[in-house]
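Q: Now for the letters of each chain:
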Amino acid sequence: MTSTETLSGADIVLRALRDQGVDVIFGYPGGAVLPIYDALFQQTAIRHILVRHEQAAVHAAEGYARSTGKVGVVLVTSGPGATNAVTGLVDALMDSIPLVCLTGQVPTHLIGNDAFQEADTTGITRPATKHNYLVREVNALGRILHEAFYVARSGRPGPVVVDLPKDVLISRGVYHGVPTTPHRSYRPVVDPDPQAIAHAARLLKHAKRPIVYAGGGLINSGPEASRLLTEFVRLTGFPCTNTLMGLGSFPASDPQFLGMLGMHGTYEANLAMHGCDVMLNIGARFDDRVTGRLRDFSPNSLKIHADIDPSSINKNVRVDCAIVGDATRVLSALIAAWKADPAKPDAGALAAWWKQIDLWRSRECLRYRQDPRSGAVIKPQHAVKRLYEIVRETGRDVFVTTEVGQHQMWAAQFWKFDRPNRWLTSGGLGTMGYGLPAAMGAQIAHPDALVIDIAGEASILMNIQEMSTLAQYRLPVKVFILNNEYMGMVRQWQELLHGGRYSESYSAALPDFVKLAESFHAVGLRAKTLGDLDDVIREMLAVNRPVIADICVDKHENCFPMIPSGAAHNEMILGPEDEAPPGTAQPGVTEEGMVLV
Amino acid sequence: MLKAVGPIHDTSTRQAVLAVLVENEPGVLARVIGLFSGRGYNIDSLTVAPVDEEKQLSRITIVTSGTAMVIEQIKAQLDRLVPVHKVADLTVEGPHIARELALIKVAGTGDRRVEALRIADAFRARVVDATTESFVFEMTGATDKLDAFVALMRPLGLVEVSRTGIVAIARGPKGIDG
Numbered sequence: 004m005t006s007t008e009t010l011s012g013a014d015i016v017l018r019a020l021r022d023q024g025v026d027v028i029f030g031y032p033g034g035a036v037l038p039i040y041d042a043l044f045q046q047t048a049i050r051h052i053l054v055r056h057e058q059a060a061v062h063a064a065e066g067y068a069r070s071t072g073k074v075g076v077v078l079v080t081s082g083p084g085a086t087n088a089v090t091g092l093v094d095a096l097m098d099s100i101p102l103v104c105l106t107g108q109v110p111t112h113l114i115g116n117d118a119f120q121e122a123d124t125t126g127i128t129r130p131a132t133k134h135n136y137l138v139r140e141v142n143a144l145g146r147i148l149h150e151a152f153y154v155a156r157s158g159r160p161g162p163v164v165v166d167l168p169k170d171v172l173i174s175r176g177v178y179h180g181v182p183t184t185p186h187r188s189y190r191p192v193v194d195p196d197p198q199a200i201a202h203a204a205r206l207l208k209h210a211k212r213p214i215v216y217a218g219g220g221l222i223n224s225g226p227e228a229s230r231l232l233t234e235f236v237r238l239t240g241f242p243c244t245n246t247l248m249g250l251g252s253f254p255a256s257d258p259q260f261l262g263m264l265g266m267h268g269t270y271e272a273n274l275a276m277h278g279c280d281v282m283l284n285i286g287a288r289f290d291d292r293v294t295g296r297l298r299d300f301s302p303n304s305l306k307i308h309a310d311i312d313p314s315s316i317n318k319n320v321r322v323d324c325a326i327v328g329d330a331t332r333v334l335s336a337l338i339a340a341w342k343a344d345p346a347k348p349d350a351g352a353l354a355a356w357w358k359q360i361d362l363w364r365s366r367e368c369l370r371y372r373q374d375p376r377s378g379a380v381i382k383p384q385h386a387v388k389r390l391y392e393i394v395r396e397t398g399r400d401v402f403v404t405t406e407v408g409q410h411q412m413w414a415a416q417f418w419k420f421d422r423p424n425r426w427l428t429s430g431g432l433g434t435m436g437y438g439l440p441a442a443m444g445a446q447i448a449h450p451d452a453l454v455i456d457i458a459g460e461a462s463i464l465m466n467i468q469e470m471s472t473l474a475q476y477r478l479p480v481k482v483f484i485l486n487n488e489y490m491g492m493v494r495q496w497q498e499l500l501h502g503g504r505y506s507e508s509y510s511a512a513l514p515d516f517v518k519l520a521e522s523f524h525a526v527g528l529r530a531k532t533l534g535d536l537d538d539v540i541r542e543m544l545a546v547n548r549p550v551i552a553d554i555c556v557d558k559h560e561n562c563f564p565m566i567p568s569g570a571a572h573n574e575m576i577l578g579p580e581d582e583a584p585p586g587t588a589q590p591g592v593t594e595e596g597m598v599l600v
Numbered sequence: 083m084l085k086a087v088g089p090i091h092d093t094s095t096r097q098a099v100l101a102v103l104v105e106n107e108p109g110v111l112a113r114v115i116g117l118f119s120g121r122g123y124n125i126d127s128l129t130v131a132p133v134d135e136e137k138q139l140s141r142i143t144i145v146t147s148g149t150a151m152v153i154e155q156i157k158a159q160l161d162r163l164v165p166v167h168k169v170a171d172l173t174v175e176g177p178h179i180a181r182e183l184a185l186i187k188v189a190g191t192g193d194r195r196v197e198a199l200r201i202a203d204a205f206r207a208r209v210v211d212a213t214t215e216s217f218v219f220e221m222t223g224a225t226d227k228l229d230a231f232v233a234l235m236r237p238l239g240l241v242e243v244s245r246t247g248i249v250a251i252a253r254g255p256k257g258i259d260g
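These protein sequences, in sequence, are chains A and B. For the first sequence, the positions run 4 to 600 when our numbering is used. For the second sequence, the positions run 83 to 260 when our numbering is used.
What the hints contain is simulated information worked out from the structure, not anything from laboratory work. The model shown is predicted, which means the values in this text are computed figures rather than measured ones. A couple of the hints might just be wrong.
[Said to hold, decoys possible] Covered by chain A, per the in silico footprint, the following chain B stretches (three or more residues, Cβ under 8 Å):
hint, stretch
1, 144-157
2, 164-178
3, 218-230
We put the beta carbon where it would ideally sit given N, CA and C, even for glycine.
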């Protein structure tokens, strides 16, 4: 194309998407974006997935992005289209998911006039995005779109909004392709400082009670980062724990894996964090769900923190060695430095540390008691465990999404992820209604894979309309509802913190999920007692259609272990099945902790 | 082996003068201000103006206060905003000059008027507007000098004050981008 040839703004949008390698977008039409929908209609290179609510479009794009490592793309209209997308944008911001969200806008001459379906989208989404743009001029459109993709995927990834006034989409202008020069101001550091790496390697070599704590940054860095993490952990013989966002970056089946850490993490992971002398944090951000009470967080350790976002370092926890860089490059540099350093690690100390960890492991903190009789009430943990075991028998590649609440924590505890990008959950924002649309996005990206949304009966209703999208595109997503007829995590907190006053947490007037599935052209299944469970799971997996499996589980089961709000790692509450050594007191919730969420 | 740094934070606060070089584009000031309000940081003063037409750059001077950890956070948070080119903490990166401009209106007659003019002269304030019963003084200087002058004008018929907030620059030959 010569530089004088002009295209309509809408054609420039599609051209830029194609040049960015986009083959699928998630959206919902409306007045302000009609020119783009018209252009979409006249081409086949980009597939448009019509959702039923704009929030779901963003979560679907998140599911697509998280499961592929690519940038997810959303297209919504002005006003309510954009405001409905906001929850998804903040979700992606908190979990560092790369997205480009195109929003329609009223024509430039009407901006600020309170026009029909006008909202100050760039104003509203400024704190909801990594960056946003209002395109005022068609000739700037190509440049801005390519910049949006660059910003979304570079450094710490995140969502970027490009607001497109309708007149800009209709008028004709010159398309500017992918720029070849570096960005003027945004150039995140990806290569770690060799001195910081050498310092970290030295600290790690002298560790007596080390731990590796890896988070979502490993997933964002690409599968090579997970491979290098595994190599590094095996090379050193250190124990490794993952954050909720980092699950899958280290194989859960590996004996060096301690499980997830944090509020509902394992006893061994949290006590190892508390008792370690050198901590290596890669791609995690010392989130409050992970640290518990800050002043008692891992009180006697030297802390090494590697992160691509310098603002994550020394934000909550003061660290001794800061490494700014991409996780893949950090790990390959650390491995090289470890091998180059002639010092021998203290094998005796490490063996003693593992002995201590094995003692903590022997508490079997995830233990639950399932009555084995066929007519028994199903324990939610058992439902997840059986689902995992039966899926594993099939040998299929599986992507697991979740909603938010108890079921999410049980899924994180009982599903053993051995590969990255297979676990899609709303960690930072904790968005109920995330799982179904995210599963949709993952299924679009991986049509032959098994995609399961482990859900709760309350969360699933927040984006249940997307069952219609599953039907339209024949997406065989499996919705596995742990139905306890309560907003379970709310109920659990009310039991533990608010005197058992279950204020508004009962899921009254629930739909019949089997009939609901059928009305959405899906298959509905129900397991009422333990005797039904395996059959329902097997049938769900056998059907090549969308399925809702309504698993009726114990209504009063709580999620343990639990670090109560405002408590430290060594003050975990274990479940009723725990056989605590005599004399150990179970800590309660302090008043200080009550104010925390 | 290094000594472990405890998680108990240093709670003493200090003031920091930050110079921020940004793209001169719509919304950039809103991003900076939104960052401060959204994360609960203090703004003691803030000034902004374009400084390089050709490169389309503006310079924001922010005076803020907080613990060392908070100020480090503010710098890192500002630095990751897409249109931010450079963040410099002038308070720690060597000596710097900080100045403020104020317009001060004083109304009065007789002895009070003479006294106001006499003090203004001593402070090297300029008279930029005068009527038979009022003056507007223009004064440039360090914040505490302006504070002292305003305090002296108060009993002499101070009507109103307009101040720019601090602009600042490092001493010596090096520029912010150097």
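Q: Does each hint fit the structure? Answer for all of them.
A: Hints and how they fare:
1. Chain A is given as covering the stretch 144-157 of chain B, and this holds because 3 residues of the stretch bring a CB closer than 8 Å to a CB of that chain, at least three being needed.
2. Coverage of the stretch 164-178 of chain B by chain A holds in this model, with 4 residues showing a Cβ closer than 8 Å to a Cβ of that chain against a need of three.
3. Only residues whose beta carbon comes within less than 8 Å of a beta carbon in chain A count, and the stretch 218-230 of chain B has 0; fewer than three means the coverage is violated.
Hint 3 from the earlier list is the only one contradicted by this structure; the remaining hints agree with it.
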